[in-house]
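Asks: One-letter residues, chain by chain:
Number of protein chains: 2
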Amino acid sequence: MATDLNPSPRLLLGPGPSAVHPRVLRAMSTPLIGYLDPEWLGLMDEEQSLLREVFMTKNTLTLPLSGTGSTGMEAALCNFLEPGDRVIVGCNGFFSERMCEMAARYGATVTRIEKPWGEVFAPDEIEDALATGGPTKMAALVHAETSTGALQPLEGIAHIVHRYGALLMVDCVTSLGGTPLKIDEWGVDVAYSGSQKCLGCPPGLAPFTASDRAREVLLARKSKVPNWYLDLTLIEKYWSKDRAYHHTPSTTLHYGFREGLRLVLEEGLEARWRRHRENAEYLWKKLEELDLSFHVTTKNRLPPLTTVVAPGGADEAAVRARLRDEFNVEIAGGFGPLKGRIWRVGLMGFSSRRENIALLAEALREILGR
Amino acid sequence: MATDLNPSPRLLLGPGPSAVHPRVLRAMSTPLIGYLDPEWLGLMDEEQSLLREVFMTKNTLTLPLSGTGSTGMEAALCNFLEPGDRVIVGCNGFFSERMCEMAARYGATVTRIEKPWGEVFAPDEIEDALATGGPTKMAALVHAETSTGALQPLEGIAHIVHRYGALLMVDCVTSLGGTPLKIDEWGVDVAYSGSQKCLGCPPGLAPFTASDRAREVLLARKSKVPNWYLDLTLIEKYWSKDRAYHHTPSTTLHYGFREGLRLVLEEGLEARWRRHRENAEYLWKKLEELDLSFHVTTKNRLPPLTTVVAPGGADEAAVRARLRDEFNVEIAGGFGPLKGRIWRVGLMGFSSRRENIALLAEALREILGR
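For the record, the sequence lines run as chains A and B. Numbered per my numbering, the first sequence spans residues 77 to 446. Numbered per my numbering, the second sequence spans residues 77 to 446.
Be a bit skeptical, because a hint or two may be false.
All copies of an identical chain are treated as equivalent in the list; a pair is satisfied when it fits inside any one copy or across any two copies.
As the list claims (entries may be wrong) - Derived pair list, reagent style DSS-like, types lysine-lysine, alpha-carbon separation capped at 30 Å: (1) K300 with K415; (2) K313 with K361; (3) K313 with K415; (4) K191 with K317.
Everything labelled a hint here was simulated from the structure, so no lab data went into it.
Work out the full structure, taking the sequences as your base and the hints as a guide.
Replies: Structure, rendered in structure tokens:
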């Protein structure tokens, strides 16, 4: 028989999940109510309205999907693309590769534009792709690449994408609630995130929003959405006045998520972005004092997730294991071409605190013998 | 700004979610650890092994999927069916209709065999369908139909299905942990459930199991699984020694689910099934004393979910509203052809307790004036 649950008290400074705020943990211990209870429906309305504020959008179709960030990505592709539709994907990290893989499975024609992992795209590079190769249904970018630590600037891009009659789709898994993201002002059509990063909640929900322009594309589909669970035409019926049953929402995750959104708005978006940036800058300064350097140029560096070049001579995996085993601190290694070459340090949500950085710096100083 | 979370203390006697056991709620307030932490990987192994015991299976491919019961259904179809494959679906309720809808979206050829809502299939009726109309890839049945309250007998069916070279797929959302279900002994190839019914956990995970025979079908696919998030060839890599990242699991839901499985095995499967049956029989007796009758014949009645004929003259929705508003008790109405005609009373997991039934009976007596 398995024993009582008793995990070590890890400090989560990796790419997510981040530390969950104690108020969120407490909210999740609340006994459940039914998924058609009038009180529950009221909570859903509140949750949607909080989420719109956090996304800085008025989009009707704004809701948390019942799955991790990957369901957000899959919903963003399978609902708005039909077989043969062309999607341009900015490929500069692990998650844009995933977009290509998913889009291909749905029969879309994928046009890749490429950059080395850690770099970002300029607006004219996106325009070049749009201007050649026929009509485009969607252009897709990763705003905050968790695998590389790069922040893709988004201002001015929607204008170009819309000129070519396409939708702008953006992965905001590691940006929402941690760095400026202005869905309506920037003209983003489809965006998704994850609950477990800068929002400080457990994994399991994918905040999602789609513009009226995107919703028209959805409603004009010639074929049914091939993925039933993520079919937004069905899901929005439960999240609107119809309240038509689709699937049973995870009451507990929503309790926690609503509390997480309340915490974001109590702090204020601007203040929260500032906290994430100031703590990131403190981390960068502390690591520079240890003669460590960064994979991404300062200008494109993502405050919630810093990629640190693993110093020559150190066994990067052994350093991470000692951080975990001796100090209960989790940071992560790299993926794909960055495997063995970088550390990924996340300062997201409740994990983004000055004291955590001081501890990490001191532990690294000791382990690296600097 | 939304207020503090403070839902009314509902007694959940509907079709799910059921009341979550207090130990499960407590487990979920545990701070998180990372999804590649050795301690987490150990918890995953334990969870799988507990789940195998509860499913009564030795199947390697046994794990909880990151979504509600509907993801279990979708995974059971999209992984084992390819376009043009024939699936026979026993249609006798809401959830078998959903199977047909999903299978069609994946390009399968759906052969429906039909029964009125509340009845079940005899083995020879399934054999008749297998014997005509060409080769069959899968036969799909709902073991415990939450929309009708009928329990489909499963013994002896796999033998027939296998004789025709097909897989037997079974929806066990409302049976697992509440009524006998013996995956290996009965020869079931693919089965899924939900965490929020007889297992007494919150919604958000879909316990899933597939036999080696089914796994061979999966590995012999000519095409990629079209649904990326539910692609078992990728998911099993994370749940096996590879530990290859697919998506971030919901730590918190798994903490709770593991505790829920421990509670099932502490009680013992046989004892738990007996509790569910004895409490259902107590409910039936109490409701008969109120001159109420049942939609499903005694022989096929599902202990965890009883469908009660709404008495003539009573406004069934108004009765439910009074139960909720005056007694904090939730029961549900009917779907589709049973809308307005039945009540659905769930006695699942931690909700299946004698005192809950006594309260419901007394509240109904008062409201119905009997």
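Asks: Between the shortest in-copy and the shortest cross-copy C-alpha distance, which are at most 30 Å for K313 and K361: within, between, both, or neither?
Replies: Neither way: K313 and K361 sit 49 Å apart in one copy and 39 Å across, limit 30 Å.
Asks: Can you give me the call for K313 and K415, within, between, both or neither, at a CA distance of at most 30 Å?
Replies: between (43 Å within a copy, 19 Å between copies)
Asks: Could you place K300 and K415 in one of the four classes (within, between, both, neither) given a Cα distance threshold of 30 Å?
Replies: Between copies, since 27 Å is at most 30 Å while 40 Å is not.
Asks: With identical chains, the pair K191 and K317 could be close in the same copy or across copies; at 30 Å between alpha carbons, which is it: within, between, both, or neither?
Replies: Classified as neither: same-chain Cα gap 44 Å, cross-chain 33 Å, threshold 30 Å.
The earlier numbered hints that this structure contradicts are 2 and 4.
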